[in-house]
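Model the full assembly from the supplied sequences, consistent with the hints where possible.
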Amino acid sequence: MSVGVRGVSMNKFIAILRDSFYEIKAQKILWMYGLTGLFMALMILVLPTININGQDMFQSGSFSPEMIDQVSAFAFDKYFFFMIIFMIFGSVGMIPSFLKKGRVELSLSKPMSRVGLLSMKFASIYLIKISILIIISIFLWLAMSVRLGSFSYQFFNGLLFSLVEYFAVYSILFFLGVATRSGPTALILYYVIRMLAVLVSTAGLVADMVDQTAWYKFINILYHILPKLGAVSDNYEPLMLGKGLSDFYAVWSTLIVAVVLFSSALFIHQRRDY
Amino acid sequence: MGNSEISIKVNNLSKTYKSGFSGDGVKALVDVSLDINQGEIFGLLGPNGAGKTTLLKILLGSLQPTSGTALINGIDIGRPEARGKTGFLPENHRFPSYLTGMQMMVVFGGMSGMTAREVITEATPLLDLVGMLKWQNTQIKKYSKGMMQRLGLAQALLNDPDLIFLDEPTDGVDPIGRHEIRNILLELKNRGKTVFLNSHLLSEVESISDRVAILDRGKLLKVGPVSGLTQTKPEVTITISTITADKQNVITDQYPTAQVTGSRVVAPFTEPSEVNSLIDLLRANGIDILTITQVTPSLEDSFVSLIKGSGVGGVGGVGGGTGGEHE
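Those protein sequence lines, which keep their order, are chains H and D.
Under this note's numbering, the residues of the first sequence are numbered 1 to 274, in order.
Under this note's numbering, the residues of the second sequence are numbered 1 to 327, in order.
Since the hints were made in silico from the structure, they are not lab data.
Treat the numbers as computed from the prediction; the structure is a model and nothing was measured.
One or more hints might be untrue.
Said to hold, decoys possible - Only pairs whose alpha carbons sit at most 16 Å apart, straight line, appear in this in silico EDC-like list of lysine to aspartate or glutamate:
no.: 1; chain 1: D; residue 1: K145; chain 2: D; residue 2: D174
no.: 2; chain 1: H; residue 1: K100; chain 2: H; residue 2: D273
no.: 3; chain 1: D; residue 1: K18; chain 2: H; residue 2: D77
no.: 4; chain 1: H; residue 1: K25; chain 2: H; residue 2: D273
no.: 5; chain 1: H; residue 1: K243; chain 2: H; residue 2: E66
no.: 6; chain 1: D; residue 1: K9; chain 2: D; residue 2: E40
no.: 7; chain 1: H; residue 1: K101; chain 2: D; residue 2: E91
no.: 8; chain 1: D; residue 1: K85; chain 2: D; residue 2: E122
no.: 9; chain 1: D; residue 1: K189; chain 2: D; residue 2: D210
no.: 10; chain 1: D; residue 1: K27; chain 2: H; residue 2: D273
no.: 11; chain 1: H; residue 1: K100; chain 2: D; residue 2: E91
no.: 12; chain 1: D; residue 1: K189; chain 2: D; residue 2: E5
Stated by the list, open to error - To be clear about the criterion: a stretch of chain H counts as covered by chain D if any three or more of its residues have a C-beta under 8 Å from a C-beta of chain D, and this derived list gives those stretches:
no.: 13; stretch: 10–16
no.: 14; stretch: 99–106
All C-beta atoms in this analysis are idealised placements derived from N, C-alpha and C, irrespective of residue type, glycine included.
In structure tokens form, the structure reads like this:
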């Protein structure tokens, strides 16, 4: 009996996974990822040389392994930054579209709990996105490693961290998508939150400018409760250089905010009338 | 578990939409109670804003009731299992436009717990039944309204449901398609399925429903068989030459139930002998008879009469109670 129930639940998840896959495919986002990855790999493999300070990076022995790690970490830091942005733009509208009037009623009429339905949608989008990220990233890493003649396995620290960062980012987008049911609004609010987090991180400076303790306290509270996505992104390079997290507080506090927002989205969905 | 004969049991269901920070809100449903039996086609009627879609959405989990309870096949509607053997075609649906017809069947069939293989096996004859098989690999964004409606109907029947909810199923469908859909619904009834039909097309509801409920302003005015809701006594309308007020009085004195207006006499038909004696009376008074017509009131006539008679929140005048009049 329990196996049967589990099988039925798996069928439901696979159905939602298919739906998300068809949607991503229809948005031409898969092509965008594929072409970007291919272009970057070709750049790495085909370019005859990359000169840094007059030295050929691809010339064996030109750089020390440490220097190669540093260049590789710098390149992949930028790569992950842009990939997360691509993923934000590609997925921000998917939850509002799923909750669109005329469609959500049909989904809710299926024998699934509301929380189960939305959690599965979140999981399906997250799984597809990170699968794309993992495939392209490993492809690029292999191309880079072959060309440099050196395999830096610390790259995988960065890849793993990108999955954590995307979970935090997508949880915030998920909450905003459920709350506003509008992709563009969710995107604008996401960047407002990001900018606000950067502003309040300079709380001390602002407090000096306004010279008011109450403001300082307010800004300080905001700093702690807002997701610190900018600071989280700063961890890629040190991680890929084997130095560990540079801002551990930013990472775990952002993850807590992400989990709270994810739960809040489910709570809103559970109680809302469609 | 509840009574196995009853497919849907609604007990004092109410829904109030909040409006702003103050005020009482909008009462979309007020203490609605009704039972829908297994194997019947049940039509839900009402003017715009009567609460039909609200009732449907509550039963299918899109809305949460303010108070009251409802059971589907004996299971509380708050539990997902209540919707295990149901199919639904929503009104104003917006199916994902990026899917093809068959992909949509696979996605929504899967959400009912079916495997892709099961869906494809079941979907092929269903798409054929609704005339959509040749369009199964075309994206929904290229479908017309009627094609989407047909696809939606096939989707609603995919998991072999015992209970099918259809909200305006023939909306946007051509007359031939409407006829085909009616036949499909009758075939479902013959197979013992329960159909909950919400439609503005009274003639459609009248032609296939076993029982109907009439809602107005959230209140249930009447529930019963179509024959019970329509006036059983046909009326006889006699067109005559214009007559004087004295002669009008002669007719109404003998037939108080007759309505005499200018050149028309309308009388409720009871016995053929009464019609004959009325004709004799007209002739005896030198009134020329131009035509004699027998009119059987339709469901539409009864519907309009009920709605007009209900007044603002006027259940008492017709239904005789907040639960409505059950026949």
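Hint-by-hint comparison with the structure:
Distance restraint check for K145 of chain D and D174 of chain D: the Cα-Cα separation of roughly 10 Å lies within the 16 Å cut-off, and the hinted pair is therefore satisfied. Of the supplied pair hints, the one linking K100 of chain H and D273 of chain H holds, its CA atoms being roughly 12 Å apart against a limit of 16 Å. As the CA atoms of K18 of chain D and D77 of chain H are separated by approximately 49 Å, the hinted pair breaks the 16 Å bound. For the given pair, K25 of chain H sits about 30 Å from D273 of chain H by alpha-carbon distance, which is inconsistent with the 16 Å threshold.
For the hint pairing K243 of chain H with E66 of chain H, the CA-to-CA distance comes to about 13 Å; that is within 16 Å, so the pair holds. Restraint check for K9 of chain D and E40 of chain D: the C-alpha separation of about 14 Å stays at or below 16 Å, so the hint holds. Pair hint K101 of chain H plus E91 of chain D holds up; C-alpha atoms about 10 Å apart against a cutoff of 16 Å. The straight-line distance between the Cα atoms of K85 of chain D and E122 of chain D is roughly 15 Å, inside the 16 Å bound, and the hint therefore holds.
For the suggested pair K189 of chain D and D210 of chain D, the alpha carbons sit about 10 Å apart, so the restraint of at most 16 Å is met. Proposed proximity of K27 of chain D and D273 of chain H is supported: the alpha carbons are some 15 Å apart, at most 16 Å. In summary, the hint linking K100 of chain H to E91 of chain D is supported, as the alpha carbons are separated by about 14 Å, within the 16 Å threshold. Proximity of K189 of chain D to E5 of chain D is assessed by CA-CA distance (about 15 Å); at most 16 Å being required, the pair is judged to hold.
Check result for the stretch 10–16 of chain H against chain D: holds, 5 residues qualifying (beta carbon to beta carbon below 8 Å, three or more required). With 7 residues carrying a beta carbon less than 8 Å from a beta carbon of chain D, the stretch 99–106 of chain H meets the three-residue requirement, and the given coverage holds.
Checked against the numbered hints listed earlier, the structure breaks hints 3, 4; every other hint is satisfied.
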